[in-house]
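**Student:** As a plain string of letters, each chain reads:
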Amino acid sequence: MSFINYASREINCKIVYYGPGLCGKTTNLQYVYQKTAADAKGKMISLATETERTLFFDFLPLALGEIRGFKTRFHLYTVPGQVFYDASRKLILKGVDGVVFVADSQEERYDANIESLDNLRYNLTEQGYDLDKIPYIIQYNKRDLPNAMPVDELRRDLNPTGVPDFEACAATGEGVFETLKAVAKLILIDLKKGS
Amino acid sequence: MASPQMVMYDEEFRQINIVIEKLLREANAKVIFLVDKNGQLISGVGEVERFDTTSLASLTAGNIAATGGLAKLIGEKEFSILFHEGEKDNLHISIVGGRVILVVLFDNRSSLGLVRLRVKKASDELTVIFDGLMQKAEEKEKSGTTDFPFAEITDDDIDNLFS
Ligand SMILES: Nc1nc2c(ncn2[C@@H]2O[C@H](COP(=O)(O)OP(=O)(O)OP(=O)(O)O)[C@@H](O)[C@H]2O)c(=O)[nH]1
Ligand SMILES: [Mg+2]
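Chains as they are written, first to last, in my numbering: chain A, 593 to 787; chain B, 7 to 169.
Treat the hints as calculated values from the structure; they're not laboratory data.
Incorrect hints may appear among the rest.
EDC-like mimics (lysine to aspartate or glutamate), calculated; alpha carbons at most 16 Å apart, straight line [stated by the list, open to error]: (1) LYS78/B / GLU718/A; (2) LYS785/A / GLU158/B; (3) LYS777/A / ASP165/B; (4) LYS777/A / GLU158/B; (5) LYS635/A / GLU55/B; (6) LYS28/B / ASP130/B; (7) LYS142/B / ASP16/B; (8) LYS663/A / ASP163/B; (9) LYS784/A / ASP162/B; (10) LYS777/A / ASP161/B; (11) LYS784/A / ASP161/B; (12) LYS773/A / ASP161/B; (13) LYS784/A / ASP163/B; (14) LYS36/B / GLU91/B; (15) LYS633/A / ASP58/B; (16) LYS682/A / GLU718/A; (17) LYS635/A / ASP58/B; (18) LYS777/A / ASP163/B; (19) LYS785/A / GLU147/B; (20) LYS784/A / ASP165/B; (21) LYS663/A / ASP165/B; (22) LYS725/A / ASP782/A; (23) LYS36/B / ASP113/B.
Chain A residues, not near chain B, derived (Cβ > 10 Å throughout) [said to hold, decoys possible]: (24) LEU614; (25) ALA629; (26) GLU642; (27) TYR714; (28) LEU737; (29) PRO742; (30) GLU745; (31) PRO752; (32) GLU766.
Even glycine gets a Cβ: it sits at the ideal position worked out from N, Cα and C.
Construct all of the structure, not just a fragment, from the sequences and the given hints.
**Tutor:** Shown next as C-alpha cells:
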C-alpha cells in the first residue's frame, strides 16, 4: 500500500522480490545498490543467516526523483526463499505495491519455481490481494548457467497470463534494472488508475 | 487493494508533530518517530539527524510484524508495547490506533515509567488524529476530490525517473 504524504510531498511504494531459495533475489538488490548514486539510495539492510541466506528480509530504499513535484521513493524488499520461512514471507508481503517473481532458470529448480509461485499466490490471497490484479513482473534469472531451461518453456509454465517478463543474470547485473524499471512503472500506472 | 491508501495532509501532519513534540519534552526523550506499519516513516522529532531514519522505520515495522506473528501463534491479538533495554539508550515501541507505530528513544535522563505514562496520553491524542485522517481520506476518495497528482502522469515522467 503506497503512502502519499501531501505534507512532505512524497510518495512511497513497496516492491517485494519473491522466489525460491537461492534464485538471486538478494543479488538483484545488491546490484541495484552498487549501481545507484549515493544520493539516491539509503543503507541496504540484510537480515541474513551466517551463510548469507536471507533470514527475514533485505531492504533497500531508493529515492529516484520527482514526478509532478512529488519525491518518488521505492522501498525494495526481498523475502527469504527457503520453504520453512513461510511465516516471514507472509509478513513481508503486507502492504506490497508490486511484486517481482525471480525464477531460477536452472532445470533442477523447476519444481522449486512452481512451488514458490503457488506460495506467492496463496500468501497474497491470504492478505487480500490478487496476483492477477497487482503490478507483477517475472524475471528469469541465472541465464548464464549451462543448465538453464529455454525461456519459452519457463514462460509457458510460470507466466501463463503473459505479464511483462525479463531474462537476467543478476550476478553480472544483466536485466536487473530492466526488471526494476518495469515493476516501478506498473506501480505508478496503477496509482494513476486509482485516482 | 487490501487496505485503503495511506495518506497524510498538511493539517494532520502539523497536529501530529505538535503531539509528538510535546511527548518528546514531557517524556524527556531523545528522539521520537512515527512509522506506518508497512515501514514508512511518517514523522520524527528530536535528535533525528543522528539516525538513519529510513532504516529505523523499516526495522521497526519488521520487528512489530514479527512479534505480531508471534502473538498470533500464542493466541494473543498483538503485543501492543515492546521495550528494548540497552546499556545507554532504550527503545519503547508501541502501536497507536491499531495502525501506526510510535517509537520513543530515551536514556537514563528519563525512565520507563515516565515514558509509558506519557506515551499513553499521547497515543490517545494520536489515535483521534489518525481516525480523522482516515475518514478524511475516505471522504475525499468517495467524492472524487483528491488532489492526487498522479492522474496527470505521462509515460515520459515515469521514464525520466530512471534516466
Ligand atoms: N551464475 C549465476 N549465479 C547467480 C545469479 N544470481 C545469483 N547468483 C548466485 O546465487 C546464489 C544465491 O543468490 P542470492 O541472491 O543470495 O539468493 P536469494 O534468492 O536471495 O536466496 P534466499 O535468501 O535463500 O532466498 C549466490 O551465490 C549468487 O551469487 C546469476 O544470474 N547467475
Ligand atoms: Mg536472499
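**Student:** Now look at each hint and say whether the structure bears it out.
**Tutor:** Results for each hint:
1. LYS78/B / GLU718/A: Within the cut-off at roughly 15 Å; holds.
2. LYS785/A / GLU158/B: This hinted pair holds, its Cα atoms lying about 10 Å apart.
3. LYS777/A / ASP165/B: Holds: LYS777/A and ASP165/B sit about 8 Å apart, inside 16 Å.
4. LYS777/A / GLU158/B: holds (14 Å)
5. LYS635/A / GLU55/B: holds (15 Å)
6. LYS28/B / ASP130/B: holds (13 Å)
7. LYS142/B / ASP16/B: holds (12 Å)
8. LYS663/A / ASP163/B: Holds, at about 12 Å.
9. LYS784/A / ASP162/B: OK: LYS784/A and ASP162/B at ~14 Å, within 16 Å.
10. LYS777/A / ASP161/B: OK: LYS777/A and ASP161/B at ~8 Å, within 16 Å.
11. LYS784/A / ASP161/B: Measuring from Cα to Cα gives roughly 11 Å; hence the hint holds.
12. LYS773/A / ASP161/B: holds (12 Å)
13. LYS784/A / ASP163/B: Holds, because 12 Å separates the two Cα atoms, which is no more than 16 Å.
14. LYS36/B / GLU91/B: holds (15 Å)
15. LYS633/A / ASP58/B: The hint holds at about 12 Å.
16. LYS682/A / GLU718/A: Measuring from Cα to Cα gives roughly 9 Å; hence the hint holds.
17. LYS635/A / ASP58/B: Answer holds: LYS635/A to ASP58/B is near 8 Å, not above 16 Å.
18. LYS777/A / ASP163/B: holds (10 Å)
19. LYS785/A / GLU147/B: Satisfied, since the Cα-Cα distance of roughly 13 Å is no more than 16 Å.
20. LYS784/A / ASP165/B: holds (15 Å)
21. LYS663/A / ASP165/B: Measuring from Cα to Cα gives roughly 15 Å; hence the hint holds.
22. LYS725/A / ASP782/A: holds (10 Å)
23. LYS36/B / ASP113/B: Judged against 16 Å, a Cα distance of about 7 Å means the pair holds.
24. LEU614: Per Cβ check, LEU614/A is outside 10 Å of chain B; nearest 22 Å; holds.
25. ALA629: holds (12 Å)
26. GLU642: holds (19 Å)
27. TYR714: Holds, since 15 Å exceeds 10 Å.
28. LEU737: holds (28 Å)
29. PRO742: Since the minimum Cβ distance to chain B is about 29 Å, PRO742/A lies beyond 10 Å and the statement holds.
30. GLU745: holds (30 Å)
31. PRO752: Consistent with the label, PRO752/A stays out of reach of chain B, its closest Cβ about 24 Å off (over 10 Å).
32. GLU766: Given that every Cβ of chain B is farther than 10 Å from that of GLU766/A, nearest at about 16 Å, it holds.
Hint compliance for this structure: no hint is broken.
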